[in-house]
Amino acid sequence: MDSTWGFIIPIVAIVGGISFAIVNTVMRSRTVTREANVLQDVRSLLRERGEAEREQARLLRDIEQRLAQIETTLNQVG
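At the far end of the sequence shown sits residue 111, using our numbering, and the numbering has no gaps.
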């Protein structure tokens, strides 16, 4: 009986250790995947923000040009 337990206990311990390692690896993999998704979302938001800032700069240039045209017209009239 003792030899049976001497054989079974190490096998159970090894199987338990392997199971723990597998579960731990899967959990870390899920965490890394979540972190990668968050980074991708942040990149997308930064890209959108950059596009919005470029559009805003373009609109401001258009307004400045239009105001310059109005000023020129007013100077010619006045």
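One or more of the hints may lead you astray.
[To be verified] For each label pair, taking beta carbons as the anchor points, the in silico distance ranges come out as:
hint	residue 1	residue 2	range
1	I41	R63	30 to 36 Å
2	V75	R99	45 to 51 Å
3	E84	V59	52 to 58 Å
4	Q109	L79	57 to 63 Å
5	R63	D95	33 to 39 Å
6	E97	V75	48 to 54 Å
7	E68	R91	32 to 38 Å
8	T64	D95	44 to 50 Å
9	E81	Q109	41 to 47 Å
10	L78	L100	28 to 34 Å
11	E88	V48	36 to 42 Å
12	L92	A54	52 to 58 Å
Hints listed in this document are in silico derivations from the structure and should not be mistaken for laboratory results.
Ideal Cβ placement from N, Cα and C applies to all residues, glycine included.
Hint check:
no., hint, verdict
1, I41 x R63: 30 to 36 Å, "holds, 33 Å"
2, V75 x R99: 45 to 51 Å, "violated, 36 Å"
3, E84 x V59: 52 to 58 Å, "violated, 38 Å"
4, Q109 x L79: 57 to 63 Å, "violated, 45 Å"
5, R63 x D95: 33 to 39 Å, "violated, 48 Å"
6, E97 x V75: 48 to 54 Å, "violated, 33 Å"
7, E68 x R91: 32 to 38 Å, "holds, 35 Å"
8, T64 x D95: 44 to 50 Å, "holds, 47 Å"
9, E81 x Q109: 41 to 47 Å, "holds, 42 Å"
10, L78 x L100: 28 to 34 Å, "holds, 32 Å"
11, E88 x V48: 36 to 42 Å, "violated, 60 Å"
12, L92 x A54: 52 to 58 Å, "holds, 57 Å"
Comparing the model with each earlier hint shows violations of hints 2, 3, 4, 5, 6, 11; every other hint is respected.
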